[in-house]
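Please model the entire structure based on the sequences and the hints provided.
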Amino acid sequence: MFQIIKNEWRFLVRSRIFLGITIAFSAIMLLSIFLGNYQIKKQEQTYQNAKDHVRQQWVSIDEMNPHSAAHYGTYVFKPSNLLSSLDEGVNNVTGNVLRVEGHVQNEIIHSEASQMQAVSRFGKLKPSLLLQYIVPLLLIFLAFNSVSNEKQSGRLKLLVLQGAKPIQLIFAKTLSVWLYGILLLTFIMTAYALFNSQNLSTDIVIRTGLFFSTYSLYYFIICGLTVFFSARWQNATVALTSMLGIWIIWTMFIPNILMSSAEKWYALPSRNEFQSAMTEDRSKGLDGHNPTDKRSIELKEKVLKEYGVDSVSQLPINFDGMRMQADEDYGNSVWDKHFGNNRAILKQQKQSFQLGGIVNPFISLQNTSMGFMASDNLHHQAFLLQVENYRRVFIKMLNDKQIFGGSKTGNWSWKEDNAFFKSVPDFEYKPTQISEVLSNYMLDILLMILWSILVIILIVYGTKKIKII
Amino acid sequence: MRSLKTFLFEWKHFVGSPFKILAVLLFIIASMYGLHNGADLYHKQNAEIERINEEVETKKATILSYFKNNEKGPSEHPWVDITTPFWAIYNTPTYHFKNPSPTLVYNIGQTEQYGFYKLITTSSSGYDADMTKEIANPERIQSGTLDFSFVILFLLPLLLLVLLYNIKGQESEHGFLPLIFVQTGSKNWWLLSRTAFYTVLLLIVIFGLMVYGAMLTKVFVADTMFWNLLLWVTLYLFFWITLYFLILKYGKNTVSNTLQMVGVWLLFAFIIPATVQQWIAIEKPTNLMVDLIDVSRDKKSEINAQPIAVIDAQLFQLYPALKETKVAKDTIIVQKVRGYSSEALINLEIKKATQSIEADNRIKNELISKTYWYNPITYFQNKLNQLTHTDYKDYEAFRNNIRKSVDTRIKMMVFDTWNDITIDKEKYLEYNSTLPNNAYY
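Protein chains in written order, with the numbering used here: chain A, 1 to 469; chain B, 470 to 910.
Simulated from the structure, these hints should not be mistaken for lab results. Don't take every hint at face value.
[To be verified] Simulated crosslink set (BS3-like; lysine-lysine; CA at most 25 angstroms straight-line):
(1) A:51 <-> B:820
(2) B:541 <-> A:42
(3) A:294 <-> B:769
(4) A:51 <-> B:821
(5) A:415 <-> B:769
(6) B:541 <-> A:51
(7) B:541 <-> A:284
[As the list claims (entries may be wrong)] Simulated coverage check for chain A against chain B, where a stretch passes if three residues somewhere in it have a Cβ under 8 angstroms from a Cβ of chain B:
(8) 52-61
(9) 80-94
(10) 121-128
(11) 342-349
(12) 413-425
Backbone N, C-alpha and C fix where the C-beta goes; we use that ideal spot for every residue, glycine too.
Okay, structure coming up:
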């Protein structure tokens with residue numbers, strides 16, 4: 001088998017067209033990595049400038065009432081991620097700016113896609129675009145006549161007479177084309193590693209390793225199926241058109257149709273419905289800005305009882321701040337319910353989409369590619385959760401200062417000094433570790449393994465019936 | 470005559486090829502699915518607009534009931550006084566809608582990148598959080614909805630490829646190409662007649678699909694859009710036919726022709742648009758709206774912290790007629806009046822900040838337009854977006870419309886406040902008719 005693979009490669013290398021395509025394609029891949037990295041670094045600079053600017057505004061507050069500061073709030077910008085120079089995932093369409101303030105959990109806004117006219121339906125020139133759409137086509141073109149050519153020239157018969165088994169031959173042909181895909185993949189990963197040698201971490205290495213493995217599996221499926229068709233059909237053109245048909249259905253039809261359908265099966269609320277439902281639930285709770293609110297009065301009675309005093313003026317703490325925090329606590333339960341409901345729906349949509357991998361391994365590839373490069377919706381949601389957790393700590397810190405900082409109830413002119421505002425920590429994004437999210441992609445990996453096994457079974461059983469001539 | 474025979478004979482070729490028939494059927498199914506996706510979005514947006522209009526009517530009725538019962542506002546919000554211009558205008562619910570065009574059935578375009586309704590207040594801007602897109606799965610938005618335009622822009626060239634790939638190549642491989650040339654006289658006319666058959670076939674299919682789409686929404690109500698769209702789709706079809714025809718004319722065999730056709734498609738559909746988008750992202754990185762953030766926080770505080778005389782001077786500069794109002798002539802300065810009026814000055818700063826954002830975006834769009842001569846799919850895509858009112862520029866106009874409405878609202882609030890007008894039911898109704906819900910296509 002090794003000899004056949006060696007021979008195949010000898011033929012390939014001799015072909016000028018093949019060499020030309022390989023050189024041109026490698027140049028495009030190199031360009032995609034270089035541009036991808038350059039763009040991410042430039043975006044990173046914009047992000048850092050904006051982050052520093054907003055932080056500078058916050059630490060420059062001379063003096064302010066803590067609750068006024070909660071309204072003044074701050075902003076969190078979605079950080080760029082070097083991994084997304086390999087696969088940008090959803091980053092182009094999600095927002096980038098999130099306002100962090102008291103009383104409300106805001107939504108992330110200002111996506112890149114909304115800032116200009118439409119350009120590319122398939123995103124920027126990232127290695128994932130080439131690896132997902134173009135490399136498989138290249139492999140199909142290399143493999144579609146690998147066996148049928150041998151049949152037509154009569155070499156297959158000769159090889160069988162010389163002792164080669166058809167199954168060995170087909171596997172060898174599959175592996176030789178597959179190795180070409182692996183070579184391109186290795187080239188991309190090596191170039192990526194060289195460009196980012198200073199930023200490589202264990203997590204990045206594991207993620208890129210998984211990225212490499214899933215693409216390898218997908219390429220094996222593509223090569224195996226193409227060689228199988230080449231062996232089964234008498235005519236190479238039929239093998240080519242069959243595989244092109246499969247490629248179109250897998251990459252163009254099914255992902256789009258399935259994703260749109262999943263969104264219909266598990267419908268998200270409209271923005272207006274979502275906001276109205278939250279406003280409705282919010283109105284059932286305590287209004288921090290309204291001392292005459294029934295629930296505020298109840299809380300006041302409770303606190304007065306706890307401290308054993310008759311009026312808020314006798315309290316050693318600032319009851320206004322306490323009411324604000326009670327308002328926040330109630331609000332948080334409302335946000336958890338409604339935003340949590342959206343997250344649950346998104347999860348259901350994702351799971352339905354993942355099951356599409358049963359009929360289409362390209363879906364599994366897309367999911368794992370985005371997931372391992374930390375640019376899928378799961379990672380986006382994890383980022384949003386981190387910001388929301390930060391918001392809660394941030395607001396509580398301000399409210400606690402209002403309560404226990406030494407001011408009295410009703411004293412809204414009381415202000416904290418600059419030292420306090422400087423002590424409030426800035427948001428620090430902690431990248432999601434692959435170990436935390438790997439289980440979400442196990443179904444995709446499993447389906448791709450099953451597909452690979454299916455292709456092997458097809459080759460083993462299917463080739464028994466092939467005509468040698 | 471020979472060409473006509475070749476043309477008609479191609480029908481036999483077509484019906485004798487199950488692969489080609491299957492491809493056409495798949496194309497029709499995908500198109501119908503896409504048309505329904507567009508129609509669903511059209512109906513969904515209209516239903517949402519209707520629901521919001523109903524909410525607005527309920528809110529208006531609630532406010533009118535306060536006037537009827539001589540109340541100043543909701544009892545749980547004692548600070549609200551609807552007899553003052555500020556609170557009356559605050560409680561005049563005005564929405565601006567980007568009404569979906571019936572042609573949305575053909576092309577969703579950039580619709581899902583933006584919000585399509587906006588509650589107008591005196592502090593609104595076209596870049597508020599509620600102007601962001603509807604809640605949707607970002608992975609679906611990223612992969613794009615399969616709408617009719619997707620089918621046309623990306624799958625039509627592939628369908629053409631499937632229909633044309635073996636023309637001439639098959640005959641050449643079987644060795645009877647010279648015979649055909651002898652029989653038909655001209656190889657160019659023979660090739661043209663065969664490709665013309667598929668062009669006509671696809672034109673009939675596309676026309677049929679577009680008529681089907683027109684039945685899902687009221688497309689024919691939207692003036693001549695149907696015919697404009699058909700014209701551009703036809704031009705797009707001819708663009709690909711020409712390219713493929715040239716490949717077939719100069720091609721040697723089926724496999725090489727197929728490879729070239731796929732190569733051209735990959736170049737125009739993937740490589741060029743993706744490279745352009747990457748280049749633009751490098752030239753003009755995503756705007757993080759820091760200017761707008763500065764206005765909403767620091768600039769706002771700065772304006773409000775100014776001495777009253779400075780605020781007055783700025784307001785008089787903005788609205789010279791304000792000097793003639795009752796409050797301006799009064800020697801007693803009402804602090805609150807200026808407090809509310811400073812909204813006009815903040816709005817001015819917001820407009821300056823948004824203008825710089827829009828200018829930035831315009832540069833990006835100009836960069837995209839400059840690539841059209843070698844980036845045909847993006848050109849046709851944006852042309853379809855423009856025709857179906859789902860283009861960036863439509864949403865820019867929607868934002869401008871919002872800005873104008875905010876300007877009117879603020880001006881009315883400032884003048885009525887400075888004229889010390891007490892709002893009653895009639896005046897409130899006048900506000901509602903002057904500041905109505907507004908639809909923009």
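To see whether the hints hold, each was checked on the structure:
1. A:51 <-> B:820: holds, 23 angstroms
2. B:541 <-> A:42: violated, 54 angstroms
3. A:294 <-> B:769: Outside the cut-off at roughly 33 angstroms; violated.
4. A:51 <-> B:821: Distance of about 22 angstroms is within 25 angstroms: holds.
5. A:415 <-> B:769: holds, 19 angstroms
6. B:541 <-> A:51: Roughly 44 angstroms separates the two Cα atoms, so the pair is violated.
7. B:541 <-> A:284: Within the cut-off at roughly 22 angstroms; holds.
8. 52-61: Answer holds; 3 residues pass the 8 angstroms Cβ test.
9. 80-94: holds (count 5)
10. 121-128: holds (count 6)
11. 342-349: Result for this restraint: holds, n = 3.
12. 413-425: Violated: only 0 residues of the stretch 413-425 of chain A have a Cβ under 8 angstroms from chain B.
Violated hints, listed in ascending order, are 2, 3, 6, 12; each of the other numbered hints is respected by the structure.
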